[in-house]
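The listed protein sequences derive, respectively, from chains A and B.
Counting in numbering that gives the first Met the number 0, the first sequence runs from 0 upward without gaps.
Counting in numbering that gives the first Met the number 0, the second sequence runs from 0 upward without gaps.
Worth double-checking, as some hints may not be accurate.
Reference listing, derived: stretches of chain B covered by chain A, where coverage requires no fewer than 3 residues with Cβ under 8 angstroms from a Cβ of chain A [said to hold, decoys possible]:
hint	segment
1	27-38
2	105-115
3	130-137
4	299-305
5	310-320
The set of hints was computed from the structure by calculation and includes no laboratory data.
Don't be surprised by glycine CBs; every beta carbon is placed ideally from N, CA and C.
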Amino acid sequence: MLYREAGDFKTSYEADNQTFPIAFDRYRYWVVLAVAFLVIPFMINDYWANAIFVPFLIYAIAAIGLNILTGYCGQVSLGTGGFMAVGAYACYKLMTAFPDTSIVIHIVLAGGITAAVGTAFGLPSLRIKGFYLAVATLAAQFFLVWLFNKVSWFYNYSASGQINAPERFVAGFAVTGPNTAPAAQYLICLVFLTLCALIARNLTRGTIGRSWMAIRDMDIAAEIIGVNPLKAKLTAFAVSSFFIGISGALFFAVYLGAVEVGEAFGIQKSFLVLFMIIIGGLGSIFGSLAGAAFLILFPVAWKVLAVDLLGWPTDLVVHQQFMLIGALIMFFLIKEPHGLAQLWRLAKEKLRLWPFPY
Amino acid sequence: MSADFLYGIEVIINGLMAGVLYALVALGFVLIFKASGIFNYAQGVMALFAALTLVGIMEGQVPFAHLLNAIFGTDIHHFGWEVPALLAIFLTVLVMVAFAWAVQHFVFRHLVGQEPIILFMATIGLAYFLEGVGDLMWGSDIKTIALGLPQGGSFWVEDMTASLGGDDFYGFFIDKLDMVATVVAIVLVISLIAFAQYTKQGRAMRAVADDHQAALSVGISLNYIWVLVWSLAGIVAMVAGIMWGAKSGVQFSLSLIALKALPVLMLGGFTSIPGAIVGGLIIGVGEKLFEYTIGAPFLGGATENWFAYMLALIFLVFRPQGLFGERIIERV
Numbered sequence: 000m001l002y003r004e005a006g007d008f009k010t011s012y013e014a015d016n017q018t019f020p021i022a023f024d025r026y027r028y029w030v031v032l033a034v035a036f037l038v039i040p041f042m043i044n045d046y047w048a049n050a051i052f053v054p055f056l057i058y059a060i061a062a063i064g065l066n067i068l069t070g071y072c073g074q075v076s077l078g079t080g081g082f083m084a085v086g087a088y089a090c091y092k093l094m095t096a097f098p099d100t101s102i103v104i105h106i107v108l109a110g111g112i113t114a115a116v117g118t119a120f121g122l123p124s125l126r127i128k129g130f131y132l133a134v135a136t137l138a139a140q141f142f143l144v145w146l147f148n149k150v151s152w153f154y155n156y157s158a159s160g161q162i163n164a165p166e167r168f169v170a171g172f173a174v175t176g177p178n179t180a181p182a183a184q185y186l187i188c189l190v191f192l193t194l195c196a197l198i199a200r201n202l203t204r205g206t207i208g209r210s211w212m213a214i215r216d217m218d219i220a221a222e223i224i225g226v227n228p229l230k231a232k233l234t235a236f237a238v239s240s241f242f243i244g245i246s247g248a249l250f251f252a253v254y255l256g257a258v259e260v261g262e263a264f265g266i267q268k269s270f271l272v273l274f275m276i277i278i279g280g281l282g283s284i285f286g287s288l289a290g291a292a293f294l295i296l297f298p299v300a301w302k303v304l305a306v307d308l309l310g311w312p313t314d315l316v317v318h319q320q321f322m323l324i325g326a327l328i329m330f331f332l333i334k335e336p337h338g339l340a341q342l343w344r345l346a347k348e349k350l351r352l353w354p355f356p357y
Numbered sequence: 000m001s002a003d004f005l006y007g008i009e010v011i012i013n014g015l016m017a018g019v020l021y022a023l024v025a026l027g028f029v030l031i032f033k034a035s036g037i038f039n040y041a042q043g044v045m046a047l048f049a050a051l052t053l054v055g056i057m058e059g060q061v062p063f064a065h066l067l068n069a070i071f072g073t074d075i076h077h078f079g080w081e082v083p084a085l086l087a088i089f090l091t092v093l094v095m096v097a098f099a100w101a102v103q104h105f106v107f108r109h110l111v112g113q114e115p116i117i118l119f120m121a122t123i124g125l126a127y128f129l130e131g132v133g134d135l136m137w138g139s140d141i142k143t144i145a146l147g148l149p150q151g152g153s154f155w156v157e158d159m160t161a162s163l164g165g166d167d168f169y170g171f172f173i174d175k176l177d178m179v180a181t182v183v184a185i186v187l188v189i190s191l192i193a194f195a196q197y198t199k200q201g202r203a204m205r206a207v208a209d210d211h212q213a214a215l216s217v218g219i220s221l222n223y224i225w226v227l228v229w230s231l232a233g234i235v236a237m238v239a240g241i242m243w244g245a246k247s248g249v250q251f252s253l254s255l256i257a258l259k260a261l262p263v264l265m266l267g268g269f270t271s272i273p274g275a276i277v278g279g280l281i282i283g284v285g286e287k288l289f290e291y292t293i294g295a296p297f298l299g300g301a302t303e304n305w306f307a308y309m310l311a312l313i314f315l316v317f318r319p320q321g322l323f324g325e326r327i328i329e330r331v
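With these hints in hand, go ahead and build the complete structure from the sequences.
Right, dumping it as structure tokens:
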């Protein structure tokens, strides 16, 4: 009854083109934002921030980035971990080289640097396609991780080879370093996620997003109707790497605080983010969020269930998580190749007809 | 001859041997890819799983003992017997065939006609699943394969070649295990080619590789052929698993050799068995030689981690279909 286009008259082009055409969706959107910004920060504690909210927000940014490249533009990338590492190390170098500048600027610049690196590694995509490209992006993954391990300039010649985030403040609150309040951690990630999602959503609705999708559906046909593949593919790589770089910077500076590159940004990370967008739904911003939420919540929930309630040993539960995540990936690819986002779409379709479906 | 030059030759020989092992893994990929168009990322994990199963059977471990103990509060670990190596290998082959059937029946039968990239992602899921199952079944501790394969350097080769150089040259150091692996790989490749060329099943396999629908129309069961190629890939994986496992212990890192096989395939082309072998040798020699001449002296070492991918990347830009791959023709 509530979920209807009917009766919601659009009287201007802006109203007709808005992101959420249904009034209920608009209210829901503002309610979600209000809860996220005004309610959760006051209730959050250390455990919830570290185990669920902060990793969810950061991975959601990475998932949006990868989804732009893989879901919208059809270029499968296994280099996400490497690009996150670029973001993290760029942020670290900027933080230590310009200690007086705001960290927000550093994080955005780190995203920009990652975008440049991502574009460079995207160049071969003009000739290499499909999973040849997926394997080629592995070169980025392994080369970048090796580079940050070997060249000591990147970690300021520290003896341990680790990078540690110095304490930085935004509006008087510490957002990095050991004295950060969980709410501050949460809020800075939330602000970045909200902005990234907004930008991504609007990019994918416009000309550039359409040219990505044309390339994804069939690149030769797209070229014939006048889409410039060079421009489309490279912008996809750039925008995607920009988001992934931001998430890498946040992952290092805000979430972990200290990072060893092989451990934090290894190939496993690339797969994790890829799984998020498969489960969430390729080619959907909501799907990126849903997939990230699912893959963050699922291991925590399974651990609570099996270790705390059933009393099983931890290593056993870790193996089960591997098995279940693998099984879920296959299940989703068979039963619902469009992921959680498709379930959401179907639910909305049903809601429109409720309570009188035909 | 100067010692540096001789060491260079030694590096090349060792690279060739490593390349043979890469080729062995790549072979499993090519088999499945040719017959079903599935790019099987799980090949490396299959090698790990097969090696784990082999060790588990030989030592008489109870499968899923850890899980059973946690659920029922029991304390079981071993049956208390030891299985002889040959019987254990045979049983492992049976397990891999059962696995092939299960994969075909529960997963890929439902994905027929999907885009290649979807199939690829499904095999990544399969890799995670199999890794979890392997650990659950046999535990995740590092195991050693006690098949009685020779270990260590070969003194015979060292003594034979010591006279080539001056006083500071002690002969080529070549691992006996690598030599065995090379022989096994060659035998395996020859028997696979013979199987594909001269048996009825092999002919059916090639027919499916050429054209699914034409093969169906002359009465070849696609399901049967797919189970067959997955079984063959499982057996190849087992051999690779034994060789790598004997070299570095049966552990998680074994599954990463699949990643190393990817650039091998890109060089050789996904559809060519000779390509897989030549690609493996190029990568093996290339990365050892690069590490020896440029990586270790100038770049701080450990370049083996990425050199293969970079080589493949640069190579592909100039020849997107690989060395022996079929020419890619694109139509709207």
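Results of checking the hints against the structure:
1. Taking a C-beta to C-beta cut-off of 8 angstroms, the segment 27-38 of chain B contributes 1 residues in contact with chain A, too few for the three needed, and the coverage statement is violated.
2. Only when three residues or more bring their CB closer than 8 angstroms to a CB of chain A does the claim for the segment 105-115 of chain B stand; here the count is 5, and the claim holds.
3. Only residues whose C-beta sits within less than 8 angstroms of a C-beta in chain A count toward coverage, and the segment 130-137 of chain B has 5 of them, enough to reach three; the restraint holds.
4. Under a criterion of three residues with beta carbons nearer than 8 angstroms to beta carbons of chain A, the stated coverage of the segment 299-305 of chain B is upheld, 6 such residues being counted.
5. Here's how the segment 310-320 of chain B fares: 5 of its residues keep a CB closer than 8 angstroms to some CB of chain A, so the rule of at least three is met and the hint holds.
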